[in-house]
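Starting from the known structure of chain U, fit chain P onto it as the hints suggest.
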Amino acid sequence: MSTMFADTLLIVFISVCTALLAEGITWVLVYRTDKYKRLKAEVEKQSKKLSHLVYKTTIVVSCINIILPLWKRRWRLRKVKRHTNITEQTKNWKPNSGFLNYMEKKKETITESAGRQQKKKIERQEEKLKNNNRDLSMVRMKSMFAIGFCFTALMGMFNSIFDGRVVAKLPFTPLSYIQGLSHRNLLGDDTTDCSFIFLYILCTMSIRQNIQKILGLAPSRAATKQAGGFLGPPPPSGKFS
Amino acid sequence: AAGGGKRSRLSRSWPTGPSKSLSGARCCGATRPGRTRTGFCNLGQDEFLDVIYWFRQIIAVVLGVIWGVLPLRGFLGIAGFCLINAGVLYLYFSNYLQIDEEEYGGTWELTKEGFMTSFALFMVIWIIFYTAIHYD
Numbered sequence: 001m002s003t004m005f006a007d008t009l010l011i012v013f014i015s016v017c018t019a020l021l022a023e024g025i026t027w028v029l030v031y032r033t034d035k036y037k038r039l040k041a042e043v044e045k046q047s048k049k050l051s052h053l054v055y056k057t058t059i060v061v062s063c064i065n066i067i068l069p070l071w072k073r074r075w076r077l078r079k080v081k082r083h084t085n086i087t088e089q090t091k092n093w094k095p096n097s098g099f100l101n102y103m104e105k106k107k108e109t110i111t112e113s114a115g116r117q118q119k120k121k122i123e124r125q126e127e128k129l130k131n132n133n134r135d136l137s138m139v140r141m142k143s144m145f146a147i148g149f150c151f152t153a154l155m156g157m158f159n160s161i162f163d164g165r166v167v168a169k170l171p172f173t174p175l176s177y178i179q180g181l182s183h184r185n186l187l188g189d190d191t192t193d194c195s196f197i198f199l200y201i202l203c204t205m206s207i208r209q210n211i212q213k214i215l216g217l218a219p220s221r222a223a224t225k226q227a228g229g230f231l232g233p234p235p236p237s238g239k240f241s
Numbered sequence: 001a002a003g004g005g006k007r008s009r010l011s012r013s014w015p016t017g018p019s020k021s022l023s024g025a026r027c028c029g030a031t032r033p034g035r036t037r038t039g040f041c042n043l044g045q046d047e048f049l050d051v052i053y054w055f056r057q058i059i060a061v062v063l064g065v066i067w068g069v070l071p072l073r074g075f076l077g078i079a080g081f082c083l084i085n086a087g088v089l090y091l092y093f094s095n096y097l098q099i100d101e102e103e104y105g106g107t108w109e110l111t112k113e114g115f116m117t118s119f120a121l122f123m124v125i126w127i128i129f130y131t132a133i134h135y136d
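Chains U and P, in that order, are what the protein sequence lines are. With the working numbering applied, the first sequence corresponds to residues 1 to 241, in that order. With the working numbering applied, the second sequence corresponds to residues 1 to 136, in that order.
Just chain U, same shape as in the assembly:
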């Protein structure tokens, strides 16, 4: 086995160990505390409640928007059946039932009123969820400081060990702004040479989340969504039309 391939495997091993170390530190400082467990359960419960509220509101408003046209159609067909030439009447008939006109006007206010009440409930629930998410983030903050401190020291050590060493060959030529990372501290112009830091970052991105999921320590999707996902802040949940 060549030195380069041995370095590649060593970096993967280092990445696994550092991911386990990070989760271990987080478990000691955060996950095993009662406060964290309580907050996490609360956030999950409230997220599910919020989803259910939004669903309920959508159903109520959708029912109103679906049932009224069905009544209208039924009334129209019933009236048309009284005449002999059904096809002609259906073409020219226009609704003039007092009840249906009343319901048409009422539909707007019913939808609006159902929407307003539910919207207030949803906003209250969102506020509670936001506060709990904030508390959860504060609890995790101390582990992040500890991990950041440890990893800064470790990265300094590994950077000095692997300085100037080509640890792998890339099967592609990275984009120019990524070459600053993939060809960091390496001699020569071959851009397919891979430096320690680039491979380490890729390993960490892939291994850490998988380890969290395997160990059951990954934050719930509901909490992640409410706290702000990968693409930015969460979408507003009060839409129901």
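You may find that some hints are simply not true.
[Unchecked claim] No farther apart than 27 Å at their CA atoms in a straight line, the calculated lysine-lysine pairs in the DSS-like style are these:
no.: 1; chain 1: P; residue 1: 112; chain 2: U; residue 2: 40
no.: 2; chain 1: P; residue 1: 112; chain 2: U; residue 2: 45
no.: 3; chain 1: U; residue 1: 130; chain 2: U; residue 2: 56
Worth flagging that the hints you see were computed from the coordinates, not collected in a lab.
Relative to the frame of chain U, chain P by itself:
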């Protein structure tokens, strides 16, 4: 109950309460009457997204090995992975399971579930196999 023809949004199950299909089995949203895949039909939203996530990781490992052994180089390899990863999963949940994507947060949610992690895993496996076989 699931309809035999067009999709009916109101007749679909919700993650918190799966509806019954025509065969009477509990189903998370398959529309074909009598066709229930009980292994998946009893899953809630989170569980189903976990299935998608791990399926993505497996595809990443398999493609990383294949691409590294062939070898497939350059942007073509990356583009090929993205297309196959997204395409296979889309066909899986859209055509095979025939779920209503809106119940799980929309097509975008299902597409991006675990995508970046699987991409990083694919890159690592691809680099390792390429280095081992073609530069060792």
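We went through each hint and held it up to the structure:
Of the pairs offered as hints, the one joining residue 112/P and residue 40/U holds, with about 24 Å between alpha carbons and a cut-off of 27 Å not exceeded. Annotation: proposed proximity of residue 112/P to residue 45/U holds, straight-line Cα distance about 24 Å (limit 27 Å). For the hint linking residue 130/U to residue 56/U, the alpha-carbon distance of about 21 Å falls within 27 Å, and the restraint holds.
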